[in-house]
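Construct all of the structure, not just a fragment, from the sequences and the given hints.
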Amino acid sequence: MSLGQHLVELRKRLMWAAAALVVGMVIAFFITDPVIHLITEPLRVVAASEGEEAKVELMFSTVTAAFDLRLRMSFAIGLLISAPIWLWQIWAFIMPGLTRKEVRYTVGFLAAAIPLFFAGCAMGLVIMPHIVELMASFVPMGAASFYDAAYYYDFVFKLLIVVGVAFVLPVFLVALNFAGVMSGRAILKGWRVAVLVSVIFAALATPAADVVSMLMLSGIMVLLFFAAAGVSLLFDRRRARRDALILPPEASA
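Here the sequence shown is numbered in my numbering, starting from 43 and rising by one per residue.
Treat each hint with caution, since some may be false.
[Stated by the list, open to error] Computed list of lysine to aspartate or glutamate pairs in DMTMM-like fashion (alpha-carbon distance at most 25 Å, straight line):
1. Lys143 <-> Asp110
2. Lys143 <-> Asp278
3. Lys143 <-> Glu51
4. Lys200 <-> Asp190
5. Lys143 <-> Asp285
6. Lys200 <-> Asp278
7. Lys231 <-> Asp278
8. Lys200 <-> Asp75
9. Lys200 <-> Glu83
10. Lys231 <-> Asp285
11. Lys200 <-> Asp110
The hints are simulated quantities; they were obtained by calculation from the structure and are not laboratory data.
Bear in mind that the values here come from a model prediction, so they are computed numbers and not experimental data.
This is the structure in structure tokens:
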């Protein structure tokens, strides 16, 4: 294909991806209420624990704040709903230039990365109520807690994204091993650094006083690191065995 044909193909793929995103946003706009109910559950738990006189509410500080929040949520949810379509459009544009082996590896990476990302988001949902409840415990007696809706949503969304991306990082370690950049032994050798980074990341992602959430998050990340190191060691062993079969006897001698 010429450069012009590639640009035409890219435009067509982008139009399909954009159309899928718009449809996903329209659908998501009508399901924002259950999502808001889900992420504000910790606020109701805090209000119930502090008694009937406690004021723990979500606050919309401007006239259009509620509508703006729903638009932002619709974009994020619509992006997830339309993911199969726009991911396929990206894949269909790139795939003709890949070899069969590269296609197989890419499918394997996506098959591992996508579930890990959503598992990380689910982990973020598990951690998030503990963070909100813990931070609310520092509010002085008799004071009211009014959470700005946009700030609260940003806090929840960023927490889910950060934890989701952290869960995908071991897949990139395996990808580096596939590319021959790092051996499995080299990855495993850096386990002390990985443990330290996991603990620091968990400490930054969770409040300092929430030790349980920090240990839970860092523990899962350390397990994923060792799983990536184990997979890389297996691939190194298989690669060495294949190379030994390919090399002639005099070369191996």
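For each hint, the structure was consulted:
1. Lys143 <-> Asp110: violated, 45 Å
2. Lys143 <-> Asp278: holds, 17 Å
3. Lys143 <-> Glu51: holds, 24 Å
4. Lys200 <-> Asp190: holds, 15 Å
5. Lys143 <-> Asp285: holds, 17 Å
6. Lys200 <-> Asp278: At roughly 36 Å apart (the allowed maximum being 25 Å), Asp278 and Lys200 break the hint.
7. Lys231 <-> Asp278: With a Cα-Cα distance of about 15 Å, the restraint between Lys231 and Asp278 holds, given a limit of 25 Å.
8. Lys200 <-> Asp75: Holds, at about 19 Å.
9. Lys200 <-> Glu83: holds, 18 Å
10. Lys231 <-> Asp285: holds, 24 Å
11. Lys200 <-> Asp110: Cα-Cα ~17 Å, so holds.
Consistency with the previously given hints fails for numbers 1, 6, ordered from lowest to highest.
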